[in-house]
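Peer 1: Please construct the entire structure, taking both the sequences and the accompanying hints into account.
Next come the chains, spelled out residue by residue.
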Amino acid sequence: MNEREPVTKPSVSQIGASAPSGATEATSASSKNPALLLENVSCWYGGFRAVREVSLAIPRNKVTALIGPSGCGKSTLLRSINRMNDLVPGFRMEGEIAFEGTSVHARATDVIDLRRRVGMVFQKPNPFPKSIFENVAFGLRLLGETTGIDALVEESLRAAALWDEVKDKLDQPGLSLSGGQQQRLCIARAIAIRPEVILMDEPCSALDPKSTLQIEELMRKLIRDYTIVIVTHNMQQAARASDYTVFLTMGDDRAGYVVEQGETGKIFTAPQQQLTADYVSGRFG
Amino acid sequence: MAGVSTVHRPDSAATTRRGEGLIEFLLRASAAVGIVTTVGIITVLVVEALFFFVEVPPVDFFTGTRWSASILPYAFGVIPLVTSTLLIAFIALVLAVPLGVLAAVWMSEFASQRVRLIIKPILEILAGIPTIVYGFFAITVITPLLKATILPDLGTFSALSAGIVVGILVLPLVASLTEDALRAVPRGLREGSYALGATRWETVRRVLLPAALSGIAAAVILAMSRAVGETMAVVLAAGTNPQLTLNPTESVQTMTAFIVQISLGDTPTESIQFKALFAVGATLFAITFTLNLISAWLVARYRNVYE
Amino acid sequence: MSSQTTTRRKVANALFGLLAFLAIFASLVTLVALLIDVVARGGSSVDLQFFTSAPSRIPAKAGILPALVGTLWVTTLVAIMTFPIGVAAAIYLEEYAGRGRWSRLLRINISNLAGVPSIVYGIFGLALFVRLLGLGRTVFAAALTLSLLILPVVIISSMEAIRAVPPSQREAAYALGATRWQMVRRALLPAAAPGILTGIVLAVGRAVGETAPLILIGAVTFVTFVPVNPFEDKYTVLPIQIFNWAGRPQAAFQEISAAAILVLLVLMFLLNLVAVILRARLSRTIQW
Ligand SMILES: Nc1ncnc2c1ncn2[C@@H]1O[C@H](COP(=O)(O)OP(=O)(O)O)[C@@H](O)[C@H]1O
Ligand SMILES: [Mg+2]
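Sequence lines, in order, name chains D, R and S.
The numbering used here applies: residue 1418 is where the first sequence begins, and numbers increase by one.
The numbering used here applies: residue -5 is where the second sequence begins, and numbers increase by one.
The numbering used here applies: residue 1339 is where the third sequence begins, and numbers increase by one.
No lab work stands behind these hints: they were computed from the structure.
Because the structure is a prediction, the values reported are computed rather than measured.
A portion of the hints provided could be inaccurate.
As the list claims (entries may be wrong) - Partial selection, computed: residues in chain S whose CB lies under 7 angstroms from chain R:
no.: 1; residue: Ala1426
no.: 2; residue: Ala1427
no.: 3; residue: Ile1457
Where a beta carbon is used, it is the ideal one built from N, C-alpha and C, also for glycine.
Peer 2: As structure tokens, this is what we get:
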């Protein structure tokens, strides 16, 4: 099977060619060839619309932060990218999400393959009740790899800045690690299968400040090889660790929409919208 | 809207690869074993009972008040068997319901966590003891004890003895289902009552028991179903004397005891007695099945209210 | 509020607490009485000869060897048959079936089956396995019947074990590109294993003590040889042996009946112990 090859679908390649209407000129420079492109994305849970007409370009090898008040649909949006929302009964999406020029929802797109190329790290660390080694090897075993697993596990643990702490106890349960270590284990697990994009949904919200800083440093290193999208409620984190920032909020109907997006520096120092200014300065949210 | 407006409705089958169709088929087939069993049981009972009803008119069976399957003249009126069964179930419930509900209240409202950790396993052990052992207990302890104390004239077999032992046997069931029902009562109701200065007993009586009523009713009905279908304890304790009586000191024969009696002997499979086994079995199934459905409906009701 | 009513309320409360405690105490006493009775009556009959002899017309010479072997045969076969089918059905109901009408029907059906009296399973086993399929009065027919009997219990407890695995575990596997079956095989089942195995051991324990259905499908009450071939030989099991002896008027038979009960209870206790140890060992590494 050659699912990795982009399926040429007129409507999709069209979007890839030009920046989405909603994107501001700030992102347009790098959105000439974005890793992910969201066009008019709306999401429903049953009859409730959680996200309204979001258009975004996610630049390659950068950290893009999604910020906004709780419940404005950040997680929903993120989970639509690797189609984790497929698991939610009653979920429905309208619009297009293109990953490397291919619609993630197209009939020809294999969701299994998509999730192997777009990894995810969750809010609460969720290692499997297996050894540290087997946690990292999990995805490799799914792919049927039998050789070179040891090397890949070590490489992934190193990339996740966890190797030195666990190299002598790889056979111990992943759940025996501290919260921050568990989250880095989950990052190692995600990158072991060499995805192209890593989605992170508030990865530090359950962690102490020191572990949080470690993960932020780690993200800065990882963008050499990966494109990262992170949801965070932590303003400092977005300011410190991201290159681009997307600010969402909710309308009166509680549907989330994009207020402003652009380079992180600009969003935090010279926001165009009053709402953005209020939010990043902590006046609401 | 610019350009596209595809609606994506997730297809959960998308996470299944082609080779996994066989696996899903096997899983589904396993789940269907339950349906096949139910259909099989009903078919067997209905078909075999029909053979019986060819020889004995249903009216005679369901309204007859004399049952004599081994002594001529034969009579196949099921009322004595049903009455005996219900008599024993009634005695069992009289014992098990108050004690079981009290036990449940005590566990959920009074006992400390530590005590509960001791009591629950004890009830589980009681629930796990084979019913044949309870039958043995009835003939070696309960009946002699009754004879020695309040009923010196009691025979070896009696509905009373059987009812008591079945009561002991279903008590854990009543207790644990009632406890579930009490636990499902929202904390707020409890706290509201305590906040008004009510004692525990007042809270239990005025708030918890009424709120848990349909759950407790479900427990009682399920316990009744268990008692009606109980076999070994009843065979050993109540005997095999099919007579129409409400006197608990008499030896009686329940539906289950009749079924056991027939299958223990060398009854030829073509005989009317053997066919009667299926007719009685079908009746037993119909009664317990109805009780189970009512109980499930009551449980669904309290779940709906509080969840 | 007068102090008199307050006192009365307090007394009522205390009385109620006492009453409720007595209710619990009564079941405790029953359990202890039952155990004492069995031990006092049968304890002295449990010796090596009791385990190595066949039943006999002379109580002092009688033993439980054929019954014990029959019980082990039936139990083993029941465990082998219910494990795959029960777990597979539970996986289907929890992870594949969704929440539609069909799955609701399956669920209701399973819980209804759990409430069908065991003797009815005996009738069904008699008609289907013994007569229609011609398996005869064999260990195999008994194992099939008891498997159907405990299957609902196995399915329900396995479903509970599967449901207890946090959704985050499923998400973790799916996010790594697991197919549904890979998620089940590699994430869900290992995490649910302690609960599933515990439930199966307990359900099998229930099969060990079942009597009525086996009377229906013709476990013979007087077997003097050890069953070797589960598809051919006549057999008996411990509960049937107990029933046979308990029903006789002579005190000596009641004593060996009590002795056999003791063995049966120890057997069930061991199974429960296995369940507890299994749960403790397997779940040591799993702490959500
Ligand atoms: N599985 C779900 N079913 C129904 N509604 C949901 C579900 N998940 C989230 N929502 C709703 O969608 C909205 C957006 O949620 P979410 O994406 O989690 O927000 P955020 O991550 O920004 O806090 C909220 O109103 C939330 O209640
Ligand atoms: Mg969120």
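Peer 1: Against this structure, judge whether each hint is valid.
Peer 2: Right, here's what the structure says about each hint:
For Ala1426 (chain S), the interface hint holds, since its Cβ comes within 7 angstroms of a Cβ in chain R; the closest pair sits about 4 angstroms apart. Because the beta carbon of Ala1427 (chain S) sits about 4 angstroms from the nearest beta carbon in chain R, less than 7 angstroms, this interface hint is met. This hint holds: Ile1457 (chain S) has a C-beta 5 angstroms from the nearest C-beta of chain R, less than the 7 angstroms allowed.
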